[in-house]
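Enquirer: Now for the letters of each chain:
Protein chains: 2
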Amino acid sequence: MNDAASTPLSPIGRRSGRVRDGTVTLAHGSGGKAMRDLVDDVFVAAFDNPALAPLEDQARFALADLARDGDRLAFTTDSYVVDPLFFPGGDIGELAVNGTVNDLAVSGARPRFLSCAVILEEGFPVADLRRIAASMQRAAAAAGVAIVTGDTKVVPRGGADKLFLTTSGVGVIPAGVQIAATRARPGDRVLVNGCIGDHGVAILAARDDLALEVPVTSDTRPLNGLIDALREACPDVHCLRDATRGGLATVLNEFARAAGIGVHLDEAALPVRETVKGVSEILGLDPLYYANEGLLAAVVPPDRAEAALAAMRAHPAGRDAALIGEIDSAPAGRVILHTGFGGGRIVDMLVGEQLPRIC
Amino acid sequence: MNDAASTPLSPIGRRSGRVRDGTVTLAHGSGGKAMRDLVDDVFVAAFDNPALAPLEDQARFALADLARDGDRLAFTTDSYVVDPLFFPGGDIGELAVNGTVNDLAVSGARPRFLSCAVILEEGFPVADLRRIAASMQRAAAAAGVAIVTGDTKVVPRGGADKLFLTTSGVGVIPAGVQIAATRARPGDRVLVNGCIGDHGVAILAARDDLALEVPVTSDTRPLNGLIDALREACPDVHCLRDATRGGLATVLNEFARAAGIGVHLDEAALPVRETVKGVSEILGLDPLYYANEGLLAAVVPPDRAEAALAAMRAHPAGRDAALIGEIDSAPAGRVILHTGFGGGRIVDMLVGEQLPRIC
Numbered sequence: 001m002n003d004a005a006s007t008p009l010s011p012i013g014r015r016s017g018r019v020r021d022g023t024v025t026l027a028h029g030s031g032g033k034a035m036r037d038l039v040d041d042v043f044v045a046a047f048d049n050p051a052l053a054p055l056e057d058q059a060r061f062a063l064a065d066l067a068r069d070g071d072r073l074a075f076t077t078d079s080y081v082v083d084p085l086f087f088p089g090g091d092i093g094e095l096a097v098n099g100t101v102n103d104l105a106v107s108g109a110r111p112r113f114l115s116c117a118v119i120l121e122e123g124f125p126v127a128d129l130r131r132i133a134a135s136m137q138r139a140a141a142a143a144g145v146a147i148v149t150g151d152t153k154v155v156p157r158g159g160a161d162k163l164f165l166t167t168s169g170v171g172v173i174p175a176g177v178q179i180a181a182t183r184a185r186p187g188d189r190v191l192v193n194g195c196i197g198d199h200g201v202a203i204l205a206a207r208d209d210l211a212l213e214v215p216v217t218s219d220t221r222p223l224n225g226l227i228d229a230l231r232e233a234c235p236d237v238h239c240l241r242d243a244t245r246g247g248l249a250t251v252l253n254e255f256a257r258a259a260g261i262g263v264h265l266d267e268a269a270l271p272v273r274e275t276v277k278g279v280s281e282i283l284g285l286d287p288l289y290y291a292n293e294g295l296l297a298a299v300v301p302p303d304r305a306e307a308a309l310a311a312m313r314a315h316p317a318g319r320d321a322a323l324i325g326e327i328d329s330a331p332a333g334r335v336i337l338h339t340g341f342g343g344g345r346i347v348d349m350l351v352g353e354q355l356p357r358i359c
Numbered sequence: 001m002n003d004a005a006s007t008p009l010s011p012i013g014r015r016s017g018r019v020r021d022g023t024v025t026l027a028h029g030s031g032g033k034a035m036r037d038l039v040d041d042v043f044v045a046a047f048d049n050p051a052l053a054p055l056e057d058q059a060r061f062a063l064a065d066l067a068r069d070g071d072r073l074a075f076t077t078d079s080y081v082v083d084p085l086f087f088p089g090g091d092i093g094e095l096a097v098n099g100t101v102n103d104l105a106v107s108g109a110r111p112r113f114l115s116c117a118v119i120l121e122e123g124f125p126v127a128d129l130r131r132i133a134a135s136m137q138r139a140a141a142a143a144g145v146a147i148v149t150g151d152t153k154v155v156p157r158g159g160a161d162k163l164f165l166t167t168s169g170v171g172v173i174p175a176g177v178q179i180a181a182t183r184a185r186p187g188d189r190v191l192v193n194g195c196i197g198d199h200g201v202a203i204l205a206a207r208d209d210l211a212l213e214v215p216v217t218s219d220t221r222p223l224n225g226l227i228d229a230l231r232e233a234c235p236d237v238h239c240l241r242d243a244t245r246g247g248l249a250t251v252l253n254e255f256a257r258a259a260g261i262g263v264h265l266d267e268a269a270l271p272v273r274e275t276v277k278g279v280s281e282i283l284g285l286d287p288l289y290y291a292n293e294g295l296l297a298a299v300v301p302p303d304r305a306e307a308a309l310a311a312m313r314a315h316p317a318g319r320d321a322a323l324i325g326e327i328d329s330a331p332a333g334r335v336i337l338h339t340g341f342g343g344g345r346i347v348d349m350l351v352g353e354q355l356p357r358i359c
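If you read the sequences in order, they're chains A and B. The first sequence begins at 1 in my numbering and counts up by one. The second sequence begins at 1 in my numbering and counts up by one.
Be a bit skeptical, because a hint or two may be false.
Keeping only pairs whose Cα atoms sit at most 25 Å apart, straight-line, the calculated SDA-like set for lysine to any residue is [stated by the list, open to error]:
no.	chain 1	residue 1	chain 2	residue 2
1	B	33	A	162
2	A	162	B	25
3	A	33	A	186
4	A	33	B	285
Now the in silico label distances, taken between C-beta atoms and shown as ranges [claimed, not checked]:
no.	chain 1	residue 1	chain 2	residue 2	range
5	A	156	B	144	33 to 39 Å
6	B	68	A	284	56 to 62 Å
7	B	88	A	88	44 to 50 Å
Rather than coming from a laboratory, the hints here were simulated on the basis of the structure. Bear in mind that the values here come from a model prediction, so they are computed numbers and not experimental data. C-beta atoms are modelled at their ideal positions from N, C-alpha and C, and glycine is treated no differently.
Here chain A stands alone, though its shape is the one from the complex (with noise of 0.2 Å):
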């Protein structure tokens, strides 16, 4: 089987073509030579940036190059787990650098250095994994981000469920930026970007072969661009948070108990697209816990909502933002879902297991 053959690689690419295996086996988590080529061959190949290529144990960088006086550091993990690792609209690798981009962005936070350590189940194709660290590369330029660090270790086979990936992320904070979940005020609007259960009901439909008249793809993209838009728009942005696992209900609720106000949200205004509602409706599911990948909620104050709203409108992030609900001192660290017959209900944190499970 030739790897080289069926696989592309990123533009930046250069392959020492010492990996000829078709899978992955233990020696490639050796730390000795096998693994060497395979890191050369396959990581730093796609991911070629002057910070990776000495492959010390450690990357590093100059901090007058990174920030200047009274700018913070943000620093965030999360591993990724997602089953099937190709779906609709995405993959793991793109996943796993847009999540961590993220999470980086939703402080405010200049994303800039990500590490990706892999775990890898012995037998796992190489062109496979050509494949996830081609993703992996388009994604971190798409965000204008470098993935500077990483590791590759191999467990035998029935030890791990084919791939998992942890990556790291380092962002800078401009000085002044005050982005926290215990500022939601009353009178605060809340806005989302997008519609919501997109990547839940994608997972879904590739796992169980779901046959979807209207296909849904996973909303997986980076969010620091839109971010620096709205915060242009509005620049005292009080709560940011991207939605991922647990979802809308769970991210609403942090903010809810964090700053101790109450979440009114709009039924009527949720962008949900038909195809999710129908799935939602068949399944006896709420699209409000189903995890997104490119779902960020906002809080901002009531006088830049309309011009946080059009500024998120104006941006292929955020076709679809909607302003979904206000902040009210009561009920203290609720969230209430307010219904068009005038009718209300606690929309309460995901309690037990999510489904689908998707991360």
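Mind docking chain B on chain A? Use the hints.
Expert: This is chain B only, laid out in the frame that chain A set:
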């Protein structure tokens, strides 16, 4: 089963007492309430520190507190998949903290902040998780670092081998420090801080129930304090690397290749315990390829070698330190082991699978 009764916790920990389950369930990875309870009850309780407490999706620090003009940032990541999780001399949690501390420290960085991403198999005992979290916190405190951000994922039974950890780390390299594999020069001396192969043999013994007359324990330990002492005695350390997977042989080959020099080792000078020698002879394995978790190789200028050795021996992590060899211009890119009979052999990088598999 009552975990609370049997599980020691870090003395600084607070316990919410909300996690009563005996084992981890998929709900604990859901992103919702169950996960929050687990994270609060196990990790936040153990790692308790101001950066972690807000449970935002990222930790944030003022750069002014972290570094000064001319300093550089070091950033590293490693996954830990060791089996068994608990072994003579340590456990996976201690290993994960020390390993990332050491990957930072060998750049000359002062390790500061760690992240911790956990992938759990459904059914994992919560008591073991608490034990590992407590062990991570003890190791972090010993190394002077804080675990400031994290992530928890749960995969279905059979989807992962019990528990994997990925730790990433950020440290600060003081202005002027230039440690790199490329800096080895003819005449330089090669030092190690301790005995070779202890970790590999400890894992082997734990896994295969080897009955050793003199038990061998893992050498897992933080090296940052030792490196501070070494750099005080020898400010211009040329190369430093910790010899983990691939063993000392692989690290020395990395020096040889990066600098285009020859590394000449004196077999008689290599510190190897009698038990490790014995096990190796019986099994036909070479201690130079065993993994270590607290062993560093240092290349220093000849005029500071004795001072460097004395400084290492005066530190608890360097009591068995030894001068094991010398750098020459030839053979470029090679490591030669000189045996007691005037002979010598090429020591290559590890090729193929590492035995025993240990990280």
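Enquirer: Determine for every hint whether it applies to the structure shown.
Expert: Quick rundown of the hints versus the structure:
1. B:33 / A:162: Between residue 33 of chain B and residue 162 of chain A the Cα gap is close to 28 Å, so the pair fails against 25 Å, i.e. violated.
2. A:162 / B:25: Holds, at about 21 Å.
3. A:33 / A:186: Violated: residue 33 of chain A and residue 186 of chain A sit about 60 Å apart, past 25 Å.
4. A:33 / B:285: At roughly 17 Å apart (the allowed maximum being 25 Å), residue 285 of chain B and residue 33 of chain A satisfy the hint.
5. A:156 / B:144: 33 to 39 Å: This hint holds: roughly 36 Å between Cβ atoms.
6. B:68 / A:284: 56 to 62 Å: 58 Å, holds
7. B:88 / A:88: 44 to 50 Å: 48 Å, holds
In this structure, the hints that do not hold are numbers 1 and 3, in rising order.
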